[in-house]
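Undergrad: Chain A is already provided as a structure; the job is to place chains B and C with the ligands on it using the hints.
Chains as they are written, first to last, in our numbering: chain A, 1 to 288; chain B, 1 to 371; chain C, 1 to 281.
Each hint should be verified, as a subset may be incorrect.
Unchecked claim - Looking from chain C toward chain A, a few residues come up when the C-beta cut is under 7 Å (computed):
1. Trp15
2. Val100
3. Ser126
4. Ile129
5. Leu153
6. Phe216
7. Gln246
8. Ser253
These are computed hints drawn from the structure, not numbers from a lab.
Ideal Cβ positions, reconstructed from N, Cα and C, are used throughout, including at glycine.
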Amino acid sequence: MGEIWPLFPAAIFLSFFFLLVLIELFTISLTKTNVFPTLEPAVEILKNGEFHNALLNTLAFVAIGTPLELFAGLFAALLVYNSYWGKSFVRTIFVIPFAFPGLVIATLLFILFDSQGGFANHLFQGQYWLFPKIIDHDVAWRGSKYLALSVSMLGKVWRDMPISMLIILSGLNSIEPELIDAAKTMGAGFRVRLQRIILPLIFPAMTTVLLLRSVEMWKEFIFPYILAGNYPLLGTLIEKLYGFGSDPGEAAVVALVLVGLTILTLVVIVEITGRIKRVLVNSGVNSK
Amino acid sequence: MADLVLKNIKKSYGNHSVIHDLDLHIKSGEFVTLLGPSGCGKTTLLRMIAGLEKIDSGELWIGGKPMQGLPAQKRPIGMVFQSYALFPHMNVKNNITFGLKIQKMEEHAIFSKLDWVIPLLGLEGLENRLPKEISGGQRQRVALARALVLDPEVLLLDEPLSNLDAALRELAMEELKRIHSEVGKTIIYVSHNQAEAMSMSQRIAVLNKGNLEQYAEPMRLYDAPATRFTAEFIGSPMANSFSSTLGIYNGLPVVHTPLGFLRLAEGFPVEAVNSGTRAVRVCIRPQDIHLTRKRELHFWCTVFNVTPVFVETPGDRNLVIAKTSSGETVRFFVNRLEPIVIGKPVEVFVDASHIHLFDESTNTNILGGFR
Amino acid sequence: MSYIDRDEIGKRIVWAICVIVMIIGIIAPIYLLIKYSISDPSTMNTGGRPIPLWPNRPTFDIFLYLFRDREFWGVVSNSAIIATLTVLLTSLLSIPAGYVLARYNFPLKRFFLILLISVRLFPDISSVIPIATFFVRANLHSSFISVVLAHTLLSLPYVIFMATTAFEFVPKDIEEQARVIGANRVTIFTRILVPMVFPSLIAGAIYTFLLSWDEFIFAHFLLDTGGQIQTLTLYLNKNLSFSPPQNVLAAISVCLSVPVMVFTFVVQRYMVSGVVSGAVK
Ligand SMILES: Nc1ncnc2c1ncn2[C@@H]1O[C@H](COP(=O)(O)OP(=O)(O)OP(=O)(O)O)[C@@H](O)[C@H]1O
Ligand SMILES: [Mg+2]
Chain A
1 MGEIWPLFPA
11 AIFLSFFFLL
21 VLIELFTISL
31 TKTNVFPTLE
41 PAVEILKNGE
51 FHNALLNTLA
61 FVAIGTPLEL
71 FAGLFAALLV
81 YNSYWGKSFV
91 RTIFVIPFAF
101 PGLVIATLLF
111 ILFDSQGGFA
121 NHLFQGQYWL
131 FPKIIDHDVA
141 WRGSKYLALS
151 VSMLGKVWRD
161 MPISMLIILS
171 GLNSIEPELI
181 DAAKTMGAGF
191 RVRLQRIILP
201 LIFPAMTTVL
211 LLRSVEMWKE
221 FIFPYILAGN
231 YPLLGTLIEK
241 LYGFGSDPGE
251 AAVVALVLVG
261 LTILTLVVIV
271 EITGRIKRVL
281 VNSGVNSK
Chain B
1 MADLVLKNIK
11 KSYGNHSVIH
21 DLDLHIKSGE
31 FVTLLGPSGC
41 GKTTLLRMIA
51 GLEKIDSGEL
61 WIGGKPMQGL
71 PAQKRPIGMV
81 FQSYALFPHM
91 NVKNNITFGL
101 KIQKMEEHAI
111 FSKLDWVIPL
121 LGLEGLENRL
131 PKEISGGQRQ
141 RVALARALVL
151 DPEVLLLDEP
161 LSNLDAALRE
171 LAMEELKRIH
181 SEVGKTIIYV
191 SHNQAEAMSM
201 SQRIAVLNKG
211 NLEQYAEPMR
221 LYDAPATRFT
231 AEFIGSPMAN
241 SFSSTLGIYN
251 GLPVVHTPLG
261 FLRLAEGFPV
271 EAVNSGTRAV
281 RVCIRPQDIH
291 LTRKRELHFW
301 CTVFNVTPVF
311 VETPGDRNLV
321 IAKTSSGETV
331 RFFVNRLEPI
341 VIGKPVEVFV
351 DASHIHLFDE
361 STNTNILGGF
371 R
Chain C
1 MSYIDRDEIG
11 KRIVWAICVI
21 VMIIGIIAPI
31 YLLIKYSISD
41 PSTMNTGGRP
51 IPLWPNRPTF
61 DIFLYLFRDR
71 EFWGVVSNSA
81 IIATLTVLLT
91 SLLSIPAGYV
101 LARYNFPLKR
111 FFLILLISVR
121 LFPDISSVIP
131 IATFFVRANL
141 HSSFISVVLA
151 HTLLSLPYVI
161 FMATTAFEFV
171 PKDIEEQARV
181 IGANRVTIFT
191 RILVPMVFPS
201 LIAGAIYTFL
211 LSWDEFIFAH
221 FLLDTGGQIQ
231 TLTLYLNKNL
241 SFSPPQNVLA
251 AISVCLSVPV
261 MVFTFVVQRY
271 MVSGVVSGAV
281 K
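The shape of chain A in the complex, shown without the other chains:
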């Protein structure tokens, strides 16, 4: 035991703050104007229509954004993996978005998707070479729930795609090249190799992406905060309740809901991917 004392400062620091967060979060969520304990904040928030909206919006944000990031990462990783030319160059370019702070990208989208004279409006009205005309008039990108949250998601997926890509790429790189060659000599074309060899073998990496990215999606704050101020997700709702509403109790309840949903999502993903994996390994065994 005497050997491990160098660990203590970090251990104390982390456990102190972790316990503080847990205890305070519960305490605050059970407090209303100095009355403790009371379920009033919880009851209030459950009746609050804004909370319902935020919950549904966030659910949609997670349900669409997580797979989107997985596919974006998978697509980019496959492009790098199958590089005919300049593999490390392509990879470096694909990592660039990750080098920008989220706030910067959100600001950039704020500029580009301005409702009047924004670059996006000009682009989508077909005013530039090669780009097709999609809309007739200027669109108020921040004036509609769907548009505002879509732009937020676009920013989020764009910026975080490299993380998914790198995780999947490391999965791909750990596949022995001879396995792919063997599949070729057995008559497997690109699609069969992808479906039957590559995807099953990078399944653990894809599971990791789903787990990490779903957590990120649930707690997303910066993009909706800048780009969808009027249409809160759970994260931005917490800020709104804590700051403007000056209602820390309700903010804490939402924060707890967010934690609960995050854990629930992780459990569900582990469960589902576990089943898929079992099916993958056993596929074909059943036919005696």
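TA: Chains B and C with the ligands alone, transformed into the frame defined by chain A:
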């Protein structure tokens, strides 16, 4: 007929030329080994035949069809990799049926294939195991089964035995020979182990630094090596090798070596000795030098004296390392019970038909042009 | 005779198109950000005509203005101070911890690792409320120390993990050898181990610096409510709400990004293996 023909095959990686200009004709049903030291381009050649590596120039024909531009998955080949490359997420049966399922073969046909190949390779009872749950030898047999069920015209094997221990290796070699005789496929086998190659193949292609040194039956490689490289590479330990000159002695062709004058074989073309000073390299295998022991020797044998300096005991025979009077080292085998005294000269002889002569500048067999 | 079949050529074309589209999708926004930061007013307010792809009159005026602005420098130095202090505190806590985790097995190790993962995965937007409340009560609100502590909490689990991995790569023999020669533990640690894992520690330090430099949520909750201290992210956010000309926003964004980009490419290799192994464990 699934003859495999390689014509003027060339391959380089960047500036580094790996296969220079290679011609090879492999007959249908033949068991041919590509033999050569590490890095000589065996794997590269095999991968080019399989379509996994681009051929820079030249032609490749299998069964009378040109293979240029055909990707690996469309070539009539099966391949077993050095690492076996079994799919780790599929059990033995799914590994074996992978290629059949791609061909959309009907279920009952797949079953009859399995019923044929599983007993053939002794894989009964392992069908539902994952590759990590079976032994190295079993993995090798699964890899072979997986290639065999696809009924390829040519089977390519890249050192499939190199991961096995000596005993298992022996067994697997027997197995391979049996399977070859049962299925009668053309097999191209890669090895850098000459004993393995000699015992298994009908013909051996000896490769060195991307060149084909000789392509012949095992015994012919041994008895009539076409190049100095083949003479020294085939057989173990390495052949004795001396730089020498050809000449005529008493009207008979001889070679002047550090061992003295050695008589050359009956019928040695005198034209080959056109000048009395032609520089040659003499190779004599340690197996071809014997103690005289007052034996009756026929006319074509030459006797000379050497002084043993060391005796090695590699197995059933003793290897004597001796010096000639001029200080050159000679190695030869003697019976294990033969009393050899270090430092006491012994009388040995060599039969002229076992003397291999190579041109010092081209390293090719002097007799190459005359046989 | 051609050695590349038609399928192959088709595949290459598809690959090239996909890569080019991806590269445009990645580079174009960044190009636009830089373009906006050097745009003159006539480039931004075009009155309905398409915004030019290159500024009519490129100008560095905004940057010059920012660089002459005392408030801007104050904000930059605040961000830098907070980030530096966070790096120091994180290193101080994580290096010894990483060493212990790499070298010893002890009963509570699992427990500690679970704590690390929990802290790392806990949503920051959820933990910010109790932490802000705590600092208000402790009278540390709107202070450097509160933000530094909060940022350390964010960076610590990951950097401990990086340090552990780095120490695991140092063979135990080296340490034992040094001990045989007669070096004591502190000497071994500072003279032998730390230099050997230095690259990883630098990577961890850069990661921490950038995390703090970029961080918005904790800075917002801890500093934005009536205090004097502002960081660069808060400064950008404040400017957003004033809706200034777009080139001002873009120029501040560029300033915020430059260190991140530089460092990210310096440590890309470490970050990559770190992100991946951190994700798997
Ligand atoms: N992808 C490659 N890029 C560059 N050089 C290569 C590549 N693959 C092989 N080589 C080179 O080509 C030569 C032949 O390699 P090859 O793998 O065919 O040898 P080998 O005869 O199979 O050797 P071994 O018995 O060790 O397997 C070697 O010098 C090797 O370094
Ligand atoms: Mg090889």
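Undergrad: All the hints need checking, so say for each whether the structure fits it.
TA: To see whether the hints hold, each was checked on the structure:
| no. | hint | verdict |
| --- | --- | --- |
| 1 | Trp15 | holds (6 Å) |
| 2 | Val100 | holds (4 Å) |
| 3 | Ser126 | holds (4 Å) |
| 4 | Ile129 | holds (5 Å) |
| 5 | Leu153 | holds (5 Å) |
| 6 | Phe216 | holds (5 Å) |
| 7 | Gln246 | holds (5 Å) |
| 8 | Ser253 | holds (4 Å) |
Figure legend: structure checked against the earlier numbered hints; every hint is met.
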